[in-house]
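On the provided structure of chain A, position chain B as indicated by the hints.
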Amino acid sequence: MNDPDIQLKKFQKELSAGTVSLALLAVLSKAEEPMYGYLIAKQLERVGEGVLSGKQSALYPVLRNLEGAALLDSFVEPSMSGPPRRYYRITEAGRNTLREWVSAWRATRDSVDSVLLGILE
Amino acid sequence: MNAQNLPTTIPEYLEQLRAALRGADPAMIQDALYDAEEYLRSELAEQAGKSEAEVIASVAGSYGAPEEVAEIYRDTEVTVNRALRAPPPPKRSSLLGKFFGVIVDPRTYGALFYMLLSLATGIVYFTVVTTGLSVSLSLLILIIGVPLLVLFLGLIRVLSLVEGRVVEVLLGERMPRRPLYTQRGKGWLERIKEMFTDGRTWTAMLYFLLMLPLGIAYFTVAVTGLTTALAFIAAPLAAWTGIANIRADVDGWMLIGETGNGIVTNVHAWELPFLFVGGILLLFVMLHVAKGIGKLHGLLAKHLLVRSPVV
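As given, the protein sequences belong to chains A and B, one line each in that order.
Here the first sequence is numbered in this note's numbering, starting from 36 and rising by one per residue.
Here the second sequence is numbered in this note's numbering, starting from 10 and rising by one per residue.
Derived from the structure by calculation, the hints contain no laboratory data.
Don't be surprised by glycine CBs; every beta carbon is placed ideally from N, CA and C.
A couple of the hints might just be wrong.
Said to hold, decoys possible - In silico BS3-like cross-links for lysine-lysine, where the CA-CA straight-line distance does not exceed 30 Å:
1) K59(B) / K90(A)
2) K77(A) / K59(B)
3) K304(B) / K59(B)
4) K65(A) / K77(A)
5) K44(A) / K90(A)
What the hints assert, rightly or not - Pairwise CB distance ranges (calculated):
6) W140(A) / L308(B): 28 to 34 Å
7) D114(B) / A61(A): 57 to 63 Å
8) D108(A) / G181(B): 53 to 59 Å
9) E203(B) / W140(A): 43 to 49 Å
10) V167(B) / A142(A): 41 to 47 Å
11) R141(A) / S60(B): 42 to 48 Å
Stated by the list, open to error - These stretches of chain A come out as covered by chain B in the derived footprint (C-beta under 8 Å, 3 or more residues):
12) 61-73
13) 90-99
Pulled out of the complex, with its shape left as it was, chain A reads as follows (with noise of 0.2 Å):
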């Protein structure tokens, strides 16, 4: 491993430090019904790119301190499959704080983006 590499590792790592729980919230605030991990974890891997695409396996802690800080809450139903499943849906402050987190996002990202205009591809 060359040291380009370990400094985009840890880039992403920060990225996606704030940005998976952002990209959880409205998984969450789109879907009709309560999702348990594992199809939270396929429909981001269906649109991930970047650091969304990271291991699917940082998913699930990041869930359950969402629920910890109220933003979720979740129920258990048995499986067919593996273990009983835990199901997430988003809840009123979950949505409220989605609001806020969406509009510091947008200016993020266009305050980042007009820095980089200009930058070589």
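Only chain B this time, still in chain A's reference frame:
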């Protein structure tokens, strides 16, 4: 690339994950194993027709190999907790700040509430365990006792998860958030056998029995300590504001109370300031005691309730 060979079955995968997480918080290990098993089983069901080894090989790319997953859990747990938890109260360096700072620490009130609550939960747990145990054991002579005993042991597991949630919320000690899922491949007979051979089932039962005396003690300490401190503080305040009369002729000890002709305290006027300062000090000592008991009890609960995963 990996020193370890990629596992070919789900139990092997979980075994490697557990090995990679060795030394980490047992509650976190339990969560990590549960999450991994959910993902792997779902993937296996999704890709029907493929062998377990093929599915695991493909999952190593998306979900991560056991060592990678272990690293992610160690990392994410730290960063996300830091980002989403309420900030810890500012560290006070002075001795005075440490002593009085306890009043703004949310954990103090969590512990205090737990002490009051533990009388009720202690009675419930104790009743459940003694009733369940005596009914199912005595019915063992008849065949009906066997399923009853198994149901009772299952109930103990559910209760220990519930108590774990209470302990984590109120006392701040990390506890498992998922039921521990024992291996799918094993038959139900073997899983039932595991309930009996797993030491945590029995230590959880011990914990629930202990909760009655502990609950009574916690409740008593919290109530007596708080009322004494508050009465110490209330008596001088009431006397100074004229709500209570100072009457040294009342028999016995009466810090503050109703005698039939108005609210009265029989503490001498010169003693009142000392009583006031003593009450404030006692109140803060009580808060420290509550916080300390909360910390100790959290450790006890973790020790007796969290199972070391049997994969």
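Could you grab the alpha-carbon distance between K59(B) and K90(A) and see if it respects the 30 Å cut-off?
Holds, at about 22 Å.
Looking only at beta-carbon atoms, does the pair D114(B), A61(A) fall within the given range of 57 to 63 Å?
violated, 35 Å
Could you check the hint for me, namely that D108(A) and G181(B) are 53 to 59 Å apart, CB to CB?
21 Å Cβ-Cβ, so the 53 to 59 Å window is violated.
Please check whether the stretch 90-99 of chain A has three or more residues whose CB lies within less than 8 Å of a CB on chain B.
That given contact holds, which follows from 8 residues of the stretch 90-99 of chain A lying within Cβ reach (below 8 Å) of chain B.
Take the C-alpha atoms of K65(A) and K77(A), compute the straight-line distance between them, and say whether it is at most 30 Å.
holds, 15 Å
Next pair to validate is K77(A) with K59(B); report whether the Cα-Cα distance is within 30 Å.
holds, 18 Å
Between K44(A) and K90(A), does the CA-CA distance stay at or below 30 Å?
At roughly 12 Å apart (the allowed maximum being 30 Å), K90(A) and K44(A) satisfy the hint.
Go ahead and decide if the range 43 to 49 Å is satisfied by the Cβ distance of E203(B) to W140(A).
holds, 47 Å
Starting from K304(B), check that the Cα of K59(B) is at most 30 Å away, please.
violated, 49 Å
V167(B) and A142(A), beta-carbon distance inside 41 to 47 Å?
Since the Cβ atoms of V167(B) and A142(A) sit about 46 Å apart, the hinted range of 41 to 47 Å holds.
Given coverage of the stretch 61-73 of chain A by chain B, checked by CB-CB distance under 8 Å (3 or more):
holds (count 3)
Range first: 42 to 48 Å. Now tell me if the beta carbons of R141(A) and S60(B) are that far apart.
Since R141(A) and S60(B) have Cβ atoms about 46 Å apart, the given range 42 to 48 Å holds.
Of the hints listed earlier, those the structure fails to meet are numbers 3, 6, 7, 8, in rising order.
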